[in-house]
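**Student:** Here is how the chains run, residue by residue.
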Amino acid sequence: KAGVTQTPRYLIKTRGQQVTLSCSPISGHRSVSWYQQTPGQGLQFLFEYFSETQRNKGNFPGRFSGRQFSNSRSEMNVSTLELGDSALYLCASTRTGNQETQYFGPGTRLLVL
Amino acid sequence: AQTVTQSQPEMSVQEAETVTLSCTYDTSESDYYLFWYKQPPSRQMILVIRQEAYKQQNATENRFSVNFQKAAKSFSLKISDSQLGDAAMYFCAYNYNFNKFYFGSGTKLNVKP
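Chains A and B, in that order, give the protein sequences.
Counting in this note's numbering, the first sequence runs from 1 upward without gaps.
Counting in this note's numbering, the second sequence runs from 1 upward without gaps.
Everything labelled a hint here was simulated from the structure, so no lab data went into it.
Glycine is no exception: its CB is placed at the ideal position from the N, C-alpha and C atoms.
Careful: at least some of the hints might be erroneous.
[Claimed, not checked] Only pairs whose alpha carbons sit at most 20 Å apart, straight line, appear in this in silico EDC-like list of lysine to aspartate or glutamate:
| hint | chain 1 | residue 1 | chain 2 | residue 2 |
| --- | --- | --- | --- | --- |
| 1 | A | Lys-13 | A | Asp-85 |
| 2 | B | Lys-100 | B | Asp-81 |
| 3 | B | Lys-100 | A | Glu-100 |
| 4 | B | Lys-70 | B | Glu-10 |
| 5 | B | Lys-73 | B | Asp-31 |
| 6 | B | Lys-112 | B | Glu-10 |
| 7 | A | Lys-1 | A | Glu-100 |
| 8 | B | Lys-55 | A | Glu-100 |
| 9 | B | Lys-100 | A | Glu-82 |
| 10 | B | Lys-100 | A | Glu-75 |
| 11 | B | Lys-100 | B | Asp-86 |
| 12 | B | Lys-73 | B | Glu-29 |
[Claimed, not checked] Over 12 Å on every C-beta distance to chain A, these chain B residues come out as not near it, computed from the model:
| hint | residue |
| --- | --- |
| 13 | Gln-14 |
| 14 | Thr-18 |
| 15 | Tyr-25 |
| 16 | Leu-47 |
| 17 | Gln-56 |
| 18 | Gln-57 |
| 19 | Arg-63 |
| 20 | Phe-64 |
| 21 | Lys-78 |
| 22 | Asp-86 |
| 23 | Asn-97 |
| 24 | Pro-113 |
[Unchecked claim] Chain A is faced by these chain B residues, among others (derived, beta-carbon under 8 Å):
| hint | residue |
| --- | --- |
| 25 | Ser-30 |
| 26 | Tyr-33 |
| 27 | Phe-35 |
| 28 | Ile-49 |
| 29 | Tyr-54 |
| 30 | Ala-59 |
| 31 | Phe-68 |
| 32 | Asn-95 |
| 33 | Lys-100 |
| 34 | Lys-108 |
Given only the sequences and the hints, what does the whole structure look like? Please build it.
**Tutor:** As structure tokens, this is what we get:
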């Protein structure tokens, strides 16, 4: 079974731009979670989607948004990029999202200049 | 509020020796899951081991085992016969609700040949 895939793997943007990251979960997984990982803040939960609905949300500003499609693929969008948004963005999938092991993708490394 | 604490930012172990990584967590829940994830330099998060809180028996996976002390809210990871490939960041994680994961700040494990 193919693992979680994320595209693109690397991205360079400038302040003020917006960016869209994509995550394809493991086949049959309907829950997708997004995390931001930075050296200073560690892994921080952004949001989780299940069956196209946002079910959980972390403490991030409204510039961070996401969505999930009927095939469970998910995208996250960051608008008006700031230097502090430079990070590794990880997505993880589970089958139902209820107390299951999360399987992570390789991440998208975003650099904001 | 749920918090996960890893008090050892960095540890070193000699190849073939045993090392224990510490993790404590705070929760008022009785039914939850605990995980150890490994993140090597490739940045891919890999599940090492998981423990269900309702199970008294400590989980083991080959050279990896945990010491789960529910009353003390402690969940340490023991790595036996350490190998060079074990060098990575190790994250302790707690999950009790639909895909809401809380991660510790991580412990960097160095393995010396």
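**Student:** Going through the earlier hints one by one, which of them does the structure break, listed in rising order?
**Tutor:** 2, 4, 9, 11, 16, 23, 25, 28, 29, 30, 31 and 34
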